[in-house]
Amino acid sequence: MDRLSNVLTLFSLGLIVAVLGSLRRAHIRVEYSVSWLAAGVAMLILSRSQALMRWLARMIGVGDPPLALILAVLVVFLLVFYRFSVTVSTLKDANIALAQRVAILEYHLRSQHESRQA
Amino acid sequence: MTEDGKRLMIIVPALNEEGSVGNVVREIQQAVPGTPVLVIDDCSADSTAAVARAAGARVLSLPHHLGLGGCVQAGYRLAFELGFDYVIRLDGDGQHDPRDIPRIYEALRESGVQMVIGSRFVDGPQEFTSLARSWGIRFFRAMLRPILGRTVQDPTSGYVGVNREALALFSRSFPLEYPEIEALVVLQRRAFRFREVACRMRPRQSGRSTITAAKSLYYIIHVLLGVFVNILKFERHRWRR
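Same order as they appear, the protein sequences are chains A and B.
If you use my numbering, the first sequence closes out at 99, no skipped numbers anywhere.
If you use my numbering, the second sequence closes out at 1136, no skipped numbers anywhere.
In short, the hints are calculated from the structure, not lab data.
On a predicted model such as this, the values are computed, not experimentally measured, just so you know.
We treat Cβ as the ideally placed atom computed from N, Cα and C, and that holds for glycine.
Reference excerpt, derived from the structure (chain B facing chain A, CB under 8 Å, subset only):
#1 Pro958
#2 Arg972
#3 Leu1071
Have a look at the derived ranges for each label pair, beta carbon to beta carbon:
#4 Ile1126(B) - Tyr13(A): 29 to 39 Å
#5 Leu977(B) - Val15(A): 37 to 47 Å
#6 Val83(A) - Ile1042(B): 29 to 39 Å
#7 Ser66(A) - Lys1128(B): 14 to 24 Å
#8 Thr71(A) - Ala949(B): 32 to 42 Å
#9 Ala940(B) - Leu90(A): 20 to 30 Å
#10 Thr71(A) - Gln925(B): 40 to 50 Å
Input sequences plus hints: build the corresponding full structure.
Structure representation (structure tokens):
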């Protein structure tokens, strides 16, 4: 239990440091870092609070607190991934519309250029 | 432009079809002389755009690969903005015979339906349909029957003509990955009508199909999900009204 909590603490600290580092270097935008930072902080708190972990295990009906911890981590990451899937889908739609618009504008420019030359 | 003042455009989505697109464009020009042909180049790695242009087509070059739906929709958008009344789409690999364009065009104008599908099964099955594809078509035909309330013989056909009403709709909203079957559901849910006319299909003029067993499975799952989502979307709109 202690070892698992320690590993999780290190992992969440690593995640928080990595996200903050990426933010500083502008590799990740602030709005997309919030989910990861929230996930990292949630994991950190859970891994350092035995009472909270036991309460969580009781709440979700799991006898084993470490299992509850793993389940909680899984749920947090699933939520983050889901949020990013929504974001990626929105961006893809916008990207397709933009690419089509660029192609159409280029087509009009080329037509104008050709008609001027003619 | 036709005698009734309506304007037709032929659109040809193409990806790496330099071996066939030139012939396709020339055949279209023979079948419907004077009709503008727009080749939509989905960011080919070969000289598809140059070959199409040399053959006399207008070319809409996409800045990056969008997939079939995005590519076709770009053509619909341009045709709609340019004020065309009818658009007929056929593939750049030469499988669709351009000599059938007048038949589709006539059906569009005479029947008043919003979409006409060039079908390889109206006059019985054709020899160029593979066994796997033939089973896939049967599966989708059976699946679509209760949804559309009728049988569509060739729901996966990419040889389609649309009038301006459908063009307006598709230029705003068009299924982006495997569009043919989903487009039928989109039309039906908006009470648009469509019909099928017999068309000839031929073997590819060049290149080879990229469809594999894994892709076929993905195609089936994707289309089923797309159809389901379209039904849900429409039902939600109707319920809100």
